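If you read the protein sequences in the order shown, they are chains A and B.
The numbers in the first sequence follow the numbering used here, run straight up by one, and end at 313.
The numbers in the second sequence follow the numbering used here, run straight up by one, and end at 915.
Hints in this document: simulated from the structure, not taken from any laboratory.
Please read these numbers as outputs of a predicted model, since none were measured by experiment.
For every residue, glycine included, the Cβ atom is placed at its ideal position computed from N, Cα and C.
Treat the hints with care, as some may be off.
Ranges between beta-carbon positions, derived for each pair [as the list claims (entries may be wrong)]:
| # | chain 1 | residue 1 | chain 2 | residue 2 | range |
| --- | --- | --- | --- | --- | --- |
| 1 | A | Asp283 | B | Gly869 | 22 to 30 Å |
| 2 | A | Lys252 | B | Trp900 | 31 to 39 Å |
| 3 | A | Leu125 | B | Leu753 | 46 to 54 Å |
Okay, the calculated bits of chain B under chain A, using three or more residues with CB under 8 Å as the criterion [claimed, not checked]:
| # | stretch |
| --- | --- |
| 4 | 844-858 |
| 5 | 862-874 |
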Amino acid sequence: MAVRRASRSRFVLLLLVLTAGTIITLSYRSKANHAIDRVKSWASDVFKPVETGFRDAWDPVANFFRGTVDYGSEKSANAKLRQEVGRLRRQNLERSDQARQLQALLALDKLPFADGLPKVTAEVINTNFSNFQLTLQLNRGRSEGVTVGMPVVSGAGLVGRVVQVASGQATVLLVTDPSSSVGVRDGGVVGVASGQGQGKTLRVDYVPPGQPIHKGDVMVTSGLQGGLYPAGIPLGTVSIAAQPPDSLQEELALRPVVDLSQVQFVDVLQWKPPPS
Amino acid sequence: MNAMARSRLLLVLFAAMALQLVVGSRINIAGVHPDLMVLTAAAAGIVAGPARAATVGFFAGLLNDLFLQTPFGLSALTFCLVAYAVATVQGGVLRGSWWVPAITAVVATAGGEVLFALIGAIVGQGQMLTGRLGAIAGVVGGVDGVLALVAVPAMGWAFRTEAEPARTRSRW
């Protein structure tokens, strides 16, 4: 009897493992992935009222423990000021990049700037859901015109891109997530910046040695064909610029211009990569 | 398992998911959140037999996968293995003391996080094998060990049938 029970248990486990393996394999196929995205979107919609209700109950308790009597208005004013400071910083950073690009621009018809794009302003309602991915949850979704793939910026620069969307919510993968890659440039030098994890700098690859990149330079999105982001959005400040001996590329690290642990309001740029 | 027990189980899974989404993801210890869904799978392993625990772990994982950007099914695979392993090991352990389930939950949930990253790396998500894996396993194990004092009785309540008092093992 015990042997039969054990073999039945093993059979059930085998069945579940095979089912899970099949689901994982299917999730890598684009058609099945669309269906999974729809189910995920539906699940977000189902849980949204629960989340909202819990959040409404939880936030006052958390705020009480954190702070002062007038916490709410101070928090809101602080957030607006931070956004304003961030916007001014971004303008400043973009201006310095524009000055460097001026001569090259004369030869170009037009450079697409993030400022010229339609935006959806959203509030960050939650941070990482998983311990293995760096994401933000926004309070705007499909109903407001947000779709998967749209870039997300804060006042100072690039935050990430939308990877999942429900009717009134969206999930953003941060640029610091290890699975995130962004095409960047500094003047005429292009490279790819990859996330290294929470609180860490971004690593820039594929920059050949001997390029005029210096500590303190601001690298912006390259916007090259096939890129995930429009050109000219500040991503990070060069914090390490070195040329290791016998290396085929520069050793570069970027400190994100946006303090990703403090983001409260963001703009979702209604931009899609042009078909290649 | 009768319809009433199934409804209770569904309720526990949805409540755990809601708590994870709203409260769990806002608790931050050294940059790590507690993981209530892997705890649900471990708790199922503590109170039920291997097959039933693995099934609950699978569905708990599938529910969890709906809110992650990792490959769909990764949590389902991990959690069913965790639940099965816990149920199998628990079969040979006398559970007289209150701390046995707590210690089991610490080991199972910490191991679950490591297994999740390992399977993730195997299916192409190499970045999940992060240097923070030790910290993630430690924090998740520690917090889930404490929360097991609530989660295990809740799972026992979900599995209870009229003929079978809480925290007795299932027949299959």
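TODO: Of all the hints given earlier, name the ones this structure violates by number, lowest first.
DONE: Result: hints 2, 4 break, sorted rising.
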